[in-house]
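Peer 1: For reference, the chains in residue letters:
2 protein chains.
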Amino acid sequence: MLEGLYVAHSDLITYTADDVHCLVTANKVEGKVGIATGGGSGHLPLFLGYVGKGMLDGCSVGDVFQSPSAEQMLAVTKAIDSGAGVLYIYGNYNGDIFNFDMAAEMADFEENIKVLSVVAGDDVASAAPSAPGEKSTRRGVAGIFFVYKCAGAAASKMKTLEEVKRIAEKAAANIRTMGVALSSCVVPRVGRPGFSIGEDDMEIGMGIHGEPGIRHGKLESADKITDEMLEKIVADLPYADGDEVDVLVNGLGATTLDEQYIVTRRISQYLTGKNIKVHRFYVGEYATALEMAGISLSLFKLDDELKELMEQPACTPFFKQL
Amino acid sequence: MLEGLYVAHSDLITYTADDVHCLVTANKVEGKVGIATGGGSGHLPLFLGYVGKGMLDGCSVGDVFQSPSAEQMLAVTKAIDSGAGVLYIYGNYNGDIFNFDMAAEMADFEENIKVLSVVAGDDVASAAPSAPGEKSTRRGVAGIFFVYKCAGAAASKMKTLEEVKRIAEKAAANIRTMGVALSSCVVPRVGRPGFSIGEDDMEIGMGIHGEPGIRHGKLESADKITDEMLEKIVADLPYADGDEVDVLVNGLGATTLDEQYIVTRRISQYLTGKNIKVHRFYVGEYATALEMAGISLSLFKLDDELKELMEQPACTPFFKQL
Numbered sequence: 001m002l003e004g005l006y007v008a009h010s011d012l013i014t015y016t017a018d019d020v021h022c023l024v025t026a027n028k029v030e031g032k033v034g035i036a037t038g039g040g041s042g043h044l045p046l047f048l049g050y051v052g053k054g055m056l057d058g059c060s061v062g063d064v065f066q067s068p069s070a071e072q073m074l075a076v077t078k079a080i081d082s083g084a085g086v087l088y089i090y091g092n093y094n095g096d097i098f099n100f101d102m103a104a105e106m107a108d109f110e111e112n113i114k115v116l117s118v119v120a121g122d123d124v125a126s127a128a129p130s131a132p133g134e135k136s137t138r139r140g141v142a143g144i145f146f147v148y149k150c151a152g153a154a155a156s157k158m159k160t161l162e163e164v165k166r167i168a169e170k171a172a173a174n175i176r177t178m179g180v181a182l183s184s185c186v187v188p189r190v191g192r193p194g195f196s197i198g199e200d201d202m203e204i205g206m207g208i209h210g211e212p213g214i215r216h217g218k219l220e221s222a223d224k225i226t227d228e229m230l231e232k233i234v235a236d237l238p239y240a241d242g243d244e245v246d247v248l249v250n251g252l253g254a255t256t257l258d259e260q261y262i263v264t265r266r267i268s269q270y271l272t273g274k275n276i277k278v279h280r281f282y283v284g285e286y287a288t289a290l291e292m293a294g295i296s297l298s299l300f301k302l303d304d305e306l307k308e309l310m311e312q313p314a315c316t317p318f319f320k321q322l
Numbered sequence: 001m002l003e004g005l006y007v008a009h010s011d012l013i014t015y016t017a018d019d020v021h022c023l024v025t026a027n028k029v030e031g032k033v034g035i036a037t038g039g040g041s042g043h044l045p046l047f048l049g050y051v052g053k054g055m056l057d058g059c060s061v062g063d064v065f066q067s068p069s070a071e072q073m074l075a076v077t078k079a080i081d082s083g084a085g086v087l088y089i090y091g092n093y094n095g096d097i098f099n100f101d102m103a104a105e106m107a108d109f110e111e112n113i114k115v116l117s118v119v120a121g122d123d124v125a126s127a128a129p130s131a132p133g134e135k136s137t138r139r140g141v142a143g144i145f146f147v148y149k150c151a152g153a154a155a156s157k158m159k160t161l162e163e164v165k166r167i168a169e170k171a172a173a174n175i176r177t178m179g180v181a182l183s184s185c186v187v188p189r190v191g192r193p194g195f196s197i198g199e200d201d202m203e204i205g206m207g208i209h210g211e212p213g214i215r216h217g218k219l220e221s222a223d224k225i226t227d228e229m230l231e232k233i234v235a236d237l238p239y240a241d242g243d244e245v246d247v248l249v250n251g252l253g254a255t256t257l258d259e260q261y262i263v264t265r266r267i268s269q270y271l272t273g274k275n276i277k278v279h280r281f282y283v284g285e286y287a288t289a290l291e292m293a294g295i296s297l298s299l300f301k302l303d304d305e306l307k308e309l310m311e312q313p314a315c316t317p318f319f320k321q322l
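Just so you know, the sequences run in chain order A and B.
Last residue of the first sequence: 322 in the UniProt record's numbering, with the numbers rising by one and none dropped.
Last residue of the second sequence: 322 in the UniProt record's numbering, with the numbers rising by one and none dropped.
Treat the hints loosely; a few may be bogus.
Note: identical chains are not told apart, hence a pair may lie in one copy or across any two.
[As the list claims (entries may be wrong)] Mimicking DSS-like on lysine-lysine, the simulated pairs with C-alpha atoms at most 27 Å apart in a straight line are:
id, residue 1, residue 2
1, Lys32, Lys320
2, Lys28, Lys274
3, Lys170, Lys274
4, Lys274, Lys53
5, Lys277, Lys32
Just so you know, the hints here were simulated from the structure itself, not pulled from any lab data.
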């Protein structure tokens with residue numbers, strides 16, 4: 001898979017340290033803050049696909065649903081740093097946190113590269129109530145796309161590492177996502193589905209590795225499912241009357257674009273009813289769970305700064321905005 | 001689905017004649033040849049998704065796997081003509097041919113709009129041997145994307161209707177496609193799969209509406225399947241030592257991007273062995289068959305003129321090139 005990616009997109013991406021798992025931009029910009037992400041395979045276009053102009057500079061990737069190693073993250077860090085420091089943006093999973101923290105320490109002590117980190121968690125379903133100061137259990141899912149986009153645009157404007165971090169944190173705090181799965185997926189090494197969902201059933205709130213959802217039930221219409229998810233998303237931040245948002249309608253792998261647009265229509269109706277204005281819709285496969293059938297919805301609450309960053313151009317293998 | 005499309009992409013597309021099935025560009029260019037396509041729903045991003053800047057100007061769309069009507073095609077034709085005439089580019093299916101021919105006659109007699117047509121047929125599996133002068137049985141499948149791209153770029157350069165037609169015909173003649181299906185799909189109105197493929201089986205050469213393929217057999221590795229398809233594709237045109245091609249690796253709906261890149265890797269190896277040079281790879285879902293699992297491969301033989309047109313920018317809901 002990785003070899004195919006490099007063959008197809010050699011104008012935008014290459015790899016470092018003789019390791020195809022260590023993907024870096026083919027168009028390094030001197031003096032710019034480098035942005036790296038990473039995570040397990042099986043989520044294309046996440047994470048690899050957002051390395052390019054105006055977004056990320058590097059990405060280390062592990063086996064399917066497994067974290068890359070700290071050494072791989074460090075190799076990417078070294079390759080993309082050009083003196084302005086490196087920002088890590090990744091999802092809230094223990095393996096990734098452990099390895100990225102170790103890579104950041106190694107970069108600091110061994111390479112004298114300043115690294116800051118933003119851990120994104122946008123999933124409504126996994127946000128268990130926690131005491132103040134406790135670590136969030138909120139998983140990072142498709143909404144991390146918005147964090148990449150805003151941080152990438154900020155770095156392209158040659159902002160400092162601290163500024164890019166501030167923007168990434170603000171963006172991450174303004175995103176909420178919820179998913180629904182209609183089928184399971186097969187991790188190739190395992191060779192059979194990790195769980196099963198009945199033919200007429202669905203699992204609302206399921207994670208992108210098959211983590212259990214918050215409600216298992218019979219299939220309902222696209223409109224009803226959309227309403228149920230939006231109700232939880234809107235209440236969670238909360239998004240309020242007069243807010244402006246970007247919306248991501250994300251296919252999890254096997255769900256048709258037709259169905260994604262049926263859901264898009266309902267989102268528009270629902271948000272109009274709440275007087276929440278949509279700045280832009282992004283519809284398609286942005287973060288998948290292999291061949292899982294299902295969809296996730298993300299709302300990203302905008303202010304003037306974030307909106308302007310979302311409108312900047314970008315060119316990566318999977319996301320192009322003019 | 002259509003309402004969702006208009007909501008999400010109002011900067012690029014709108015509709016005419018108070019009929020959401022009659023999609024037209026939101027950015028009409030005066031004096032430019034208009035390009036229209038059309039066909040059944042269920043193939044997103046085909047056909048609708050390629051209306052925008054640098055590609056198509058209009059598209060009429062029918063129910064799932066059904067042709068739009070001649071009246072709908074005519075409505076689109078009237079909306080996109082600005083005096084330079086309109087070119088129809090569509091796939092080789094009887095319903096579409098019948099309706100587009102009727103629309104062209106009505107445009108000519110009733111509206112005084114000059115219409116020319118190019119019927120694209122790129123599918124290797126459906127090309128039954130025919131006597132000279134006989135109508136081709138070759139179906140139009142994913143490769144029509146290349147025809148849209150070249151014709152759209154030519155029209156954007158303000159070439160005449162005859163010139164745009166010449167380029168579209170040359171492009172169409174240089175494309176060959178072959179598909180493999182691993183599962184069926186459900187036409188919503190019917191509510192059950194139109195055919196079945198065993199869990200461990202595949203159908204090589206299957207059409208995007210489930211038309212029978214040329215070989216049914218047990219599943220094989222991605223490399224073996226790719227080699228078998230490329231052998232037939234390369235022999236059919238034929239593509240020869242020293243040729244330069246654009247390559248389209250197209251997911252049919254439920255097949256992961258990971259798998260598409262595994263196939264991309266093998267294509268690169270295979271064509272290198274034949275000394276056929278790849279100009280660019282296009283990988284992703286470009287023409288689907290609802291939620292069918294499977295993939296199609298297209299080769300597009302380039303000359304200097306076609307290559308230059310492929311490199312021009314485009315911006316549509318589904319295809320953006322900078």
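Peer 1: For Lys170 vs Lys274, is the C-alpha pair at or below 27 Å within one copy, between two copies, both, or neither?
Peer 2: Within one copy only: 23 Å inside a chain, 52 Å across chains, cut-off 27 Å.
Peer 1: Check Lys32 against Lys320 for me: Cα-Cα at most 27 Å, and say if that holds within a copy, between copies, both or neither.
Peer 2: both (20 Å within a copy, 26 Å between copies)
Peer 1: Between the shortest in-copy and the shortest cross-copy C-alpha distance, which are at most 27 Å for Lys274 and Lys53: within, between, both, or neither?
Peer 2: Classified as neither; 36 Å inside a copy, 33 Å across copies.
Peer 1: Please work out whether the CA atoms of Lys277 and Lys32 approach to 27 Å or closer within one copy, between two copies, in both situations, or in neither?
Peer 2: neither (33 Å within a copy, 35 Å between copies)
Peer 1: Evaluate Lys28 and Lys274 at a C-alpha cut-off of 27 Å and name the case that applies: within, between, both or neither.
Peer 2: Neither, since 43 Å and 34 Å both go past 27 Å.
Hint violations for this structure: numbers 2, 4, 5, all remaining hints satisfied.
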